[in-house]
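Student: Taken in order, these protein sequences are the chains called A and B. Mapped onto our numbering, the consecutive letters of the first sequence carry residue numbers 1 to 232. Mapped onto our numbering, the consecutive letters of the second sequence carry residue numbers 233 to 565.
One or more hints might be untrue.
Unchecked claim - When the alpha-carbon atoms are kept at most 35 angstroms apart in a straight line, the in silico DSBU-like pairs for lysine-lysine are as follows:
| # | chain 1 | residue 1 | chain 2 | residue 2 |
| --- | --- | --- | --- | --- |
| 1 | B | K234 | A | K26 |
| 2 | A | K144 | A | K119 |
| 3 | B | K235 | A | K26 |
| 4 | A | K119 | A | K55 |
| 5 | B | K431 | A | K26 |
| 6 | A | K175 | B | K431 |
| 7 | B | K235 | A | K51 |
| 8 | A | K143 | A | K69 |
| 9 | B | K431 | A | K55 |
| 10 | B | K548 | A | K51 |
I should point out that these hints are in silico values taken from the structure, not numbers from a laboratory. Computed from a predicted structure; not experimentally measured.
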Amino acid sequence: MADVDTQRDAVIAALDNVAERLTAEKSYLTDLDSAIGDADHGSNMQRGFSKAAEKRDEFADMDPDDIVKTIGTTLISNVGGASGPLYGGSIMFASQELDGGITAETSVAFAEAYLDKVKDRGGAQVGSKTMVDALVPAVHTYKKSIEQDDLPPLEALAKAVDAAERGVQFTTPIKALKGRASFLDWRSVGHQDPGATSTLFIMEELLATAEEYLDGDVERDARAADAVRRDE
Amino acid sequence: MKKLINEPGDVVDEMLDGMVVAHPELRRLDGTNVLVRGDAPVDGKVAVVSGGGSGHEPTHAGYLGDGMLDGAAAGEVFTSPTADQLNDMIQAVDAGEGVLCVVKNYEGDVMNFDTAAEMAGMEDVDVEQVVVNDDVAVEDSLYTSGRRGVAGTIFVHKCAGAKAAEGADLGEVKAVAEKVIDNVRTMGMALTSCVTPDKGEPTFDLGEDEIELGIGIHGEPGTERADIMSADEITEHLTENVLDDLEVGEGEEVVTMVNGMGGTPLSELYIVNRKLQSMLGDRGIETWDAWVGDYMTSLDMMGCSVSVLRVDDELKDLLGAPAHTPALTVAEE
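Produce the complete structure using the sequences and hints provided.
Tutor: This is the structure:
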């Protein structure tokens, strides 16, 4: 991506978009969480990202990686529970990968570092019915699209969002093995995982922001589209 | 349900304010729910810290002071403290010798301490962590992967704190903490549910004639509901599970703890201790010391837990070493 000012603007725009989206989806995420968790995921995520977005004045002179790090630490302070470390701690940790600015290469490194930290901290794998079920296919798809298929970042991101969406769908029929939902054992089957869902919403907003800043529209996979809707 | 509180949201803040006035040797870090020893950081000493949800008083801040903890972070009731507050605590108590975090095995606590350790590591503080998992009742629970950390944690605070006070390095303090964790087991039971300030009503329903066996410390239901039994029968159940899991036998020495859950009078805890000690005697196990009292509670829950710690000469020295804290004092010999 272009110069540091544009990158900073893009990061702030992405944060605004995510905060706005999570505000809109707050009740939906909390409804999902009340089925298999402790019914606070929507309000926790909304609070965390909104607090981060309120820091826009501090961001004016910061490098993009420092802004991303600050978003992480703000989530840690304000989201609470296990989601604070999982979302915020992982963003904070992965922000180091953006030290040299935001490029196709550093964005892949960021995504991988974020995924590694989430897996490491939460101890979940694909199939545990957690955010990892959305993240793993998304990050793998993004990396492959950029490194092997040589796609432009915008198209790679669109494919990654599609992969995340299918990952979210995959959480519905399976049994939870991690987190509070695992206590429900078979009763967790049939419920979509709230963490995977919020992860998808964040990625969709990153894509929308990227479309704006990388100047293009991308087609989403029709199979994935509309499968995960809050008015479902 | 009647409670001696103002607003439910102010419980932790007001409790901490009251606590530092009662114990002026403690200090609250500005803008946080963290208490530290007033003289922290202590030069030349590894710091030992703990933290977790509130509602377990005197855990955690009750064990702050010479010979035990340097810092204690209070989360909201039954909720982990956030990682940034834990990081603030770690930074405040580090004297350059490193910090040992004693964490109870609950997912939120473990993840927030992990994140805090990472944040402190970015500031070049040497941080190590041990995870206490002494509860024999469960392998996985509502809040955990693996066994929960419960009242045995206090023995970890005591021994690690004493080791640090001796001037041991971070690795040695951690090793002692792990030795305690390897040798302590606990099981708890409830006669009633507790009532959290937020909810204002019992967390689980328990009939007049029912008890819960295998509870944790968050008002979560136990692993088994049973009809009310006598104190001796309850003690037998808890103790047998603990001793079998610890695989402690004839000729070995132990320290025991009968811990009240907050709503049970001392008289009843002593009745439990009486049966516990007679069972140990029958098995040829020698009690070096017996602790009885409210060490790690669950708000106003009625009930108790039984802990047994296998001790050797090193652990006996550390348990007997001086400590001066609001909740536990061991005098100089």
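Student: All hints are to be evaluated individually against the structure, with a verdict given for each.
Tutor: Tested hints:
1. B:K234 to A:K26: Holds, at roughly 33 angstroms.
2. A:K144 to A:K119: Distance of about 20 angstroms is within 35 angstroms: holds.
3. B:K235 to A:K26: 32 angstroms, holds
4. A:K119 to A:K55: 28 angstroms, holds
5. B:K431 to A:K26: 22 angstroms, holds
6. A:K175 to B:K431: 29 angstroms, holds
7. B:K235 to A:K51: Holds: B:K235 and A:K51 sit about 33 angstroms apart, inside 35 angstroms.
8. A:K143 to A:K69: 22 angstroms, holds
9. B:K431 to A:K55: The given pair, whose Cα atoms are some 33 angstroms apart, holds under the 35 angstroms limit.
10. B:K548 to A:K51: 49 angstroms, violated
The structure fails to meet hint 10 from the earlier list, while all remaining hints are met.
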